[in-house]
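**Student:** Heads up: the protein sequence lines correspond to chains A and B, in order.
Letter 180 of the first sequence, counting from 1, is numbered 180 in the numbering used here, and no numbers are missing.
Numbers in the numbering used here are just positions in the second sequence, counted from 1, shifted up by 1000.
Because the hints were derived from the structure by calculation, they are not lab data.
Check the hints yourself; a few may be wrong.
To be verified - Just some of the chain A residues that point at chain B, by a computed CB distance under 10 Å:
#1 A108
#2 L109
#3 G111
#4 M201
#5 G206
#6 S207
#7 M246
#8 V248
All residues carry an ideal CB built from backbone N, CA and C; glycine is no exception.
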Amino acid sequence: MQNVVFGIVTGSILAVATLGFALVRQTENFLNIAHAQMMALGAFVGVVLVDTYGMNIFAAGAITVVGLGALGVVLAAVFFAPVRHQGGTVLLFTSIGLALMMYAAILALFGTQARFYPDVSGSLHRIGGIGIATNELVIIGLAFGSIAALQLFLNSTGLGRAIRSVASNDDLARVRGVPVRTVSHTIWFISSAFGAMAGVMLGVLGSVNTEIGWHNILIVLAAAVLGGLRSITGVILAGLLLGIMMDVSALFIPTAYRPVVAFGVLVAVLILRPEGILSIQRRKDAVAA
Amino acid sequence: MKRILIGLLAFGLIAAACSSDDEDEGPVKLGFLNGQSGDYGPWGHWALAAAEVAVEELNAGGGVLGRDVELVVEDNGSTPEGAVSGFAELTEVDGIHALGGIESDGMIAIFETVHELQIPTICSTCGTTELDSTGGDMVFRIIPSDTDNGIVGAQVARDEGYTSVAMLVELSEGTESPANVFKSVFTEQMGGTVTEDVRFNAGETTYAAQVAQAFESGPDAVYIAAGFETGVPLLNEWQRRGYTDIPMIFTTDLLSPEIAEIVGGVDGASAIVGATAYDTESNPAWDAYVPRFEAKIGDPPEIAFYDAWQYDQYIILGLAMAAAGTTDGAAVAAAIPDIANPPGVEVFTYADGVAQLEAGNEIDYHGTTSNLNLNSVGNLLSPVMAVIHVEDGAWDVRENIELDPTLVKPS
């Protein structure tokens, strides 16, 4: 049971990271590989604010999330908007190029030395023999609070509904007068902010190093595909499922094989229940027909 | 036209000749390929300072073969990839004559190339068991092998009275190498048991599951073989989960001030390392080195921070070049065992060594870390070992020990 708790913590971070990734995939129609570098950048900016400038972890996290959300909007306008009309493949390769540029910038700005958030774990709470630290509770709470807020925003506001209409059919949304540019900016802000938040959470639990983005992109991709890239609920469940599977698997197989477990689950789901991917196409085909 | 061509040809030949002369008469370039960042980054500051102290001593002693000595520094990021690209830069762009500073993973990555290019290389911080039988030709090691480190770790566990241990081992050459020796010696030669052997990759999101698996398996102690970047989050997890009453045995990779601070900051926590140490007792080389290092960096050398080995390697290279009378790679490599081993007048500084060589005597250099006598595969014959533990938030040598001769290297 203790490992299930570890898995919920891991899965919560994964859900936050994957949600930002899936949002862009759903609305901009490409896999944004640079998303993982936004996570890395978030981890570094956060640790610099805390460690160098002595900021409170929550204030540093908030500044990081908002600042990198804005940076995401700028990067999308500079790199993705000009090639958007050329389709998903060009956008995919543009995102790979942007990921490499961001990686180089991280190396140049922060160096290759690992950094660590000051220990902000707080006390350990024991519930029925299961231990959970304060910072883990905060991470779970923040993750689900943010996801719930996003759900509320998408379902209850005009801009949220506009995002959903673009996700469903952007051509139709444009014809019907949906402010596509505003929607795009909002999507990039939310996606980048969620990426940065996941980065800060990763840094708080572990260490901050330049490889943190590359280490996590495949797991994020796996969670996104597993969740079907179509619904917030699907992404949350996929993140939690992968997190729990990876941490519970430590009881049975060497932990070095955690990524193998993640992709084993992914392959199994794709073979046995491929709706996760196909449903997007089906919905679009249905709309197009 | 013919005259112009002949003139150009002559000019080219003269230029080539001048260029060749420049290579012989320019500074002797000693490469320092080291993890100034990454896992070995915490030691980088001391390592570089010690290398600079050595080069200053070489230059103060009249240089090598009458030429100035230049230290050419490349950061390998503590990765094999960084070692390969750094070595290419040092050889192809900088034109180094010899190399030092490299660690295990990087050494393995460039081992073949070092031999192809005939660059005499001293491994000052690599314990990999790969070098237990493959060196001695162009590559020499002046620090104990991970085989020695694994054996001394098991020896410490036995002497502390531990009969069962759990193992937390990062998957990398430098950490698995001593851990595998430790496990073999502890279980097969001492009759101990390993309650859990947890191997993990660096860069995991968290190490909660791994730490719980090891510490909750009911061991007398937990053996941790991990790099610094992994060690800090691992120990944060150890502290967070309240396993602080279970003693820990570390490998030398965790002998950093930050790690000592984390362990020292927890009441009742205990961490111990069986590791190589400096040769500080009645050793003129050590006595001469300490004030120069202190003047350079503002602090005295700290135990097992690898700095003194960085110093020793460049003194050896300088003396080998002086003994060989050339910077030619093959000749210098052949001279290294000659100046490090008996017979010869025992010398403790570069200047004394050169003076003896000029007087026509053979020399036996005794460094700051040991007598540096090498066997036929370029490994230390008698490393100095010690038991080091955390005391008031810093590493402290409890006692020097000798490797138990009854414990043998696992086959």
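**Student:** With reference to the structure, classify each hint as holding or not holding.
**Tutor:** Tested hints:
1. A108: This interface hint is violated because 13 Å lies over the 10 Å limit.
2. L109: 14 Å, violated
3. G111: Result: holds, 6 Å to nearest chain B Cβ.
4. M201: 9 Å, holds
5. G206: 4 Å, holds
6. S207: 5 Å, holds
7. M246: At 8 Å from the nearest chain B Cβ, M246 (chain A) passes the 10 Å test, so the hint holds.
8. V248: 8 Å, holds
Violated hints for the displayed structure, listed by number in ascending order: 1, 2.
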